[in-house]
Amino acid sequence: MIAIQRTWWQKLSFVDLFLWAFRIAVIVVVIWGTVGTLTAGKYQREHWIFFIVFGLAQGGIYALIALGYTMVYGILRMINFAHGEVFMSGAYTAYFAAAALNNSGYLNRHPFISFLTLLAVAMSVSTGVAVLLERIAYRPLRHAPRLVPLITAIGASFFLQYTFRGLYGTGFKAYPEFEVLKGDWIVFGVPVLRTQVLVLVASVLMMVGLYAFVMRTKIGTAMRAVSEDMDAAALMGVNVDRVIAITFAVGGAMAGAAGILYAMVFKQVHFFMGFVPGIKAFTSAVLGGIGNIPGAMLGGMFLGLIESVGPALILDGLGIVAPYQLKDVIAFTMLVMVLIFRPSGILGERLAVKKA
Amino acid sequence: MGASSARRSLLRQALRIGLIFGIVGIYLSLVGMVETFHGRAVIAGAISLGQTMLLLTGLGTGFLVARRTPEPLRWLSIPYSAISGFLSGLVLFTLPFLGNFVDLRAMFVNASPTLFALLTFGKGLAGGLLLLPLAGAVLGMVSALALQVPRRFLRPIGVGVTTVLIVSLFQEQLQIMLVGPAVVEAIRRFLFQAEGLTVRGASTIFLVTALANALWGQYREGIRQQVTQLPSAGRKSLRAIALIGGLLLVLLLPLVAGSFFAQVLVFVGLYTLMGFGLNVDLGFAGLFDLGFVAFFAIGAYTTALLTSTGPLGIAHISFWSALPIVVLMSLLAGVMLGVPVLRIRGDYLAIATLGFGEIIRLLVLSDFLRPWLGGSQGILEIPKPRIFGLELATPQQIFYVTVAFCVVVAYIAWRLRDSRIGRAWIAIREDEDVAAAMGINLINAKLLAFGIGASFAGIAGAIFASMVSSVFPHSFNLFISINVLALLIVGGLGSLPGVVVGSLVLIGLPELLREFSEYRLLVYGAALVAMMLLRPEGLWPEPVRKRELHVEELEVTPAPEVMEEALAATKGHVEVEGS
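First to last, the sequence lines map onto chains A and B.
Per my numbering, the very first residue in the first sequence carries number 1; after that it's consecutive.
Per my numbering, the very first residue in the second sequence carries number 1; after that it's consecutive.
These are computed hints drawn from the structure, not numbers from a lab.
Predicted model, so just to flag it, every value in this text is computed and none were measured.
Each hint should be verified, as a subset may be incorrect.
Below, a sample of chain A positions facing chain B; criterion: calculated Cβ distance under 8 angstroms [to be verified]:
1. Phe18
2. Ala144
3. Tyr168
4. Val180
5. Leu335
All C-beta atoms in this analysis are idealised placements derived from N, C-alpha and C, irrespective of residue type, glycine included.
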């Protein structure tokens, strides 16, 4: 046999060329924009700090929601499109608790207990919705072709949105504010909004707790086993149905907590509020490497950060008007780029082998 | 297993069903459906849609209980259905009961006194406590009894009732259709009142359809046999007649039914076009595109830029001369967006394309591109298409344009599927690696699929732009991509008639039922879930896919009687040997 010798540039197909051109173009744009912004000197140090803290707080919320996506994907290989609605259901229901606490004056007399109450309400409602969703809509489809559960999830998402619209009405509901959380705290000599500090601390605590749960408890081990190989786990005596239900429950609880934090930051809830954070959280899960729990946390933080810093840092320098309109473009470009160039995400390694 | 334990398990099931249906009743009430639909008559002065819903919930208990009753306990299904229905009524009663003591309205906007009055039949709490469970028990019993009636009689009754319900749902459209000559007016006045069916109308419709169904059941076999005995030429011509008849019906319908109906059908047509496009991607080649709306948007915006007579128009050419450019542009866009995602598979592809779709929408919406694309104000003053100087402005005329394009595109899609490239796509869908090993050029085949699919959507966009004579970024959201995907799945993935059926069901029906718009997406979502649970292959599936999704049912398992006989035989055998 005569081996056909080909030099590296002959092996390069036009797809590779295209991808390289794309890569280089993105890098050039990013560098150009950054240099442009920094030389223009439009933003001061406190602006950047504000952007970063805001981004991290936002990212914490994304990360909490992303955990639900990533755990479910890790086990069932399905995109739970309705997870954004799970997030919404908790925050929306807890609004009524918040309003009741506020009316009685308890909210500001005992803010910490009130906050925990709200958290408990939101988490339990979201957990309930997630578990019901799994039981009714997803469990019967466990072995169906991949498209079928995806469509079910989309249907369930509409169903949940409009159920809560029907139950609680169509308007925006203004969340009562905690007096304690108004204004700034000085952290390292820099004023930072108190709500954002709360959100950051709470979300990090939640994530640490979840990580410990997954890594240290027996159920967590079972969850990891099922995500590794469902059939083998079943053979080892793991009750797969129960583990999946628990996965949905834990993901739902995280989403519920995220819902309360979201309500603290944005101070209003609405039946449609789950859609955009849902997609963003999903993006974060993919960014971090879907199926990977620390990846989801990292991806969420990263997405929040880039969404809040990116427009000012990159787009402003390109002379683009109103760069903050394009923050979602940055997020989605990140998503697409990660999928093209590193589909396993920042931390993912396992799923790259299994064909997605 | 003894009879008593079977009975006990049946009782447990009956109680569970009753509980679930009671909760469903509470859900329907709190979501507001019962009260809203109470304002809408099924039969004027006799029964409202809200009441029908509760009735159906009650009937459902008996139906499910009876279905789960094993044959030897058949007659037990009646008392157990009654128990189940009783429980569901009791559970439902907790709602007005609670509402009487707690202000539920602070949380649930629909928990109004009107609703409670409705649920207690206007007789107060005590009356409700008495009547609601009783009604449930009676309904459960009735439906369990009905199931004991032989199928021969049950089917016509079911068909009759369903037809009456359907007619009443669409009564507005039907009434608009029945305007015209005196005879038609007389029919309308016989069947309808302003707010719904008349009693005589409903009973007539019921009798006619039930009778027709009964007759059809009687003679169906004979007719079917006659058709199969026809020579093949005869069958072919019969099919041609049916096709032409169907087409004629489609073409004449909007003329009869008025411009609203035509408008709805135009939307159905546009979604059908997009559905054909996504069908090439997803149905044939297995390429999962969740950003399909991007190509629709590109088609619409290209048309707008080329034809608009406003300040943003760049060419001021006519719709027809813009069309080839639009097709080319969207084809190119499909290929361009296809290249980077060529190596992504499955779900990841869906997400990447979703990202692309959103990026395009956000870019169009932004102030950054406003000088060229108009930002959120969009592009206005797009002229309508003209044929020989005739402006195609009314929905009916646009409808014919859409149908013409649909036919052409359907033909292209059909021929593509059976062509060499079509087979290559299907091979890729089944297994990419094997397809590549078989010598299929993955890059070319995939890019072609992306391009062709996109160009179909581009045509839809062009028609859309000229029909509404303006384009806004808000018209091109993710919801359209989801809709197109859902209609493909509901129709039956890969099947061309399925696309049409899917868009009629998912786009046409909700548009026609606009008066229920508040609950449109609720029902849409529930229907999607139910559809995937009960009939995942779609309404009009490709035969191959249907078999794939029902593999386990095809595996030969002997009927229970056969099993029992076999068991009895072996037992006898063993006993003989033992003795």
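Enumerated hints in conflict with the structure, sorted upward: 4
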